[in-house]
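A.B. asks: The two chains are supplied separately, each in an independent frame; assemble them into the complex guided by the hints.
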Amino acid sequence: GAVVSQHPSRVICKSGTSVKIECRSLDFQATTMFWYRQFPKQSLMLMATSNEGSKATYEQGVEKDKFLINHASLTLSTLTVTSAHPEDSSFYICSAPSGKDTQYFGPGTRLTVL
Amino acid sequence: QKEVEQDPGPLSVPEGAIVSLNCTYSNSAFQYFMWYRQYSRKGPELLMYTYSSGNKEDGRFTAQVDKSSKYISLFIRDSQPSDSATYLCATVFQGAQKLVFGQGTRLTINP
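Each protein sequence line maps, in turn, to chains A and B.
Taking this note's numbering, I'd label the letters of the first sequence as residues 1 to 114.
Taking this note's numbering, I'd label the letters of the second sequence as residues 1001 to 1111.
Same shape as in the complex, but just chain B (with noise of 0.2 Å):
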């Protein structure tokens, strides 16, 4: 089992949909979640960063902890074509540098 689990896609939605992205994790001492926005031939990009359970948001995008059932999200709304990309999540134990990713999921908006 990998420690971190996404659904690769591709994903494809409607411009102005609202996105969901998810990953669950199998090790309950991932203290620090991120998502990573990569567009093609491009390094990634942090989006968003958060360290406890709950929501977290940050103008479109809304990131989402559930520690307790390890499952974290990525809302994304009124999507827009610009949003095409490869997002992937990550995260990492407490004190730790090493991030432990997701497979990505590849989104594409449909203008």
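Here chain A stands alone, though its shape is the one from the complex (with noise of 0.2 Å):
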């Protein structure tokens, strides 16, 4: 199957710092790609689409000014998690869509803030 990276695995920071998170497509384009997070023991909940060349889309709830998001290029977007607290903490997962509606997830990002 395609093959979708994420960068870091995992990454802790203090409180009030802004954390990037790389999302890539490895083996092929994505003119869309799809960010998630998931708190343990639940499952995934779909925080914003990436487009590339335009702007995102987010879903209801989702602070756009607090998850940035930039789909650099056709295999690269990016997330923002800007002046980060500790709710914030939480795996987050991107995936990309390959063929015909089938979706590809990354390996997962796990934040943790102090």
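Errors might be hidden in some of the hints.
[Unchecked claim] With the Cβ distance kept under 8 Å, some of the chain A side facing chain B (calculated, not the full set):
id	residue
1	Ile93
2	Pro97
3	Pro107
4	Gly108
[To be verified] Here are the in silico distance ranges between beta carbons for each label pair:
id	chain 1	residue 1	chain 2	residue 2	range
5	A	Ser5	B	Asn1022	27 to 35 Å
6	A	Ala72	B	Ala1096	19 to 27 Å
7	B	Ser1068	A	Ala72	40 to 48 Å
8	A	Glu63	B	Gly1054	39 to 47 Å
9	B	Ala1096	A	His7	26 to 34 Å
Derived by calculation from the structure, the hints in this document are not laboratory data.
We put the CB at the ideal spot given by N, CA and C, even for glycine.
C.D. replies: Written out as structure tokens, the structure reads:
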């Protein structure tokens, strides 16, 4: 299947700092990517749709000024958590569609805000 | 009512057993159905993908879709401890890209 990578896999930061997470499609191009967050023992919650060349589309209740998304190229989307706080600690996962109606997920990034 | 309902478990079975995981969905417009496996602290891995009613088999895994009753299943034969993970069903409208997930079922296969 298609490969999606994320970097970093784990990050620990102090409260108030900003953290950037990268999502790359390694062997295919993706005009759209998706960002999810997942709390322990819960399912994935879609945060936003990242669109190459245009603004991201955010789900209801997700603060777009806090979670900045940039889809810089057909293989790279970044999620920046600005002024992170402990409640932002979570597992962040990206995905990219490949082929007809299938999506492939990155390995996830575990964010811990102290 | 959630668009996709899935029993979160946990489900614990002995090694070698046949495992049945199930989801129901509410919108008959959903056209494509997927099962993902997620190990702890990892991203979901696509296991099975299907778009028509009936069965699709891949090794020890069989995905079953019944569109008339809006019911999807994943069967795992000869279950192994390495199958222990959370299994997520997902569906999507034709032409759309945004997946709708079930809650996920935590499965443990005991040696």
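A.B. asks: Take the hints in turn and mark each one as holding or not.
C.D. replies: Hint check results:
no. : hint                               : in the structure
1   : Ile93                              : holds, 5 Å
2   : Pro97                              : holds, 5 Å
3   : Pro107                             : holds, 5 Å
4   : Gly108                             : holds, 5 Å
5   : A:Ser5 with B:Asn1022: 27 to 35 Å  : holds, 32 Å
6   : A:Ala72 with B:Ala1096: 19 to 27 Å : holds, 24 Å
7   : B:Ser1068 with A:Ala72: 40 to 48 Å : holds, 45 Å
8   : A:Glu63 with B:Gly1054: 39 to 47 Å : holds, 43 Å
9   : B:Ala1096 with A:His7: 26 to 34 Å  : holds, 28 Å
In terms of the numbered hints stated before, the structure departs from none.
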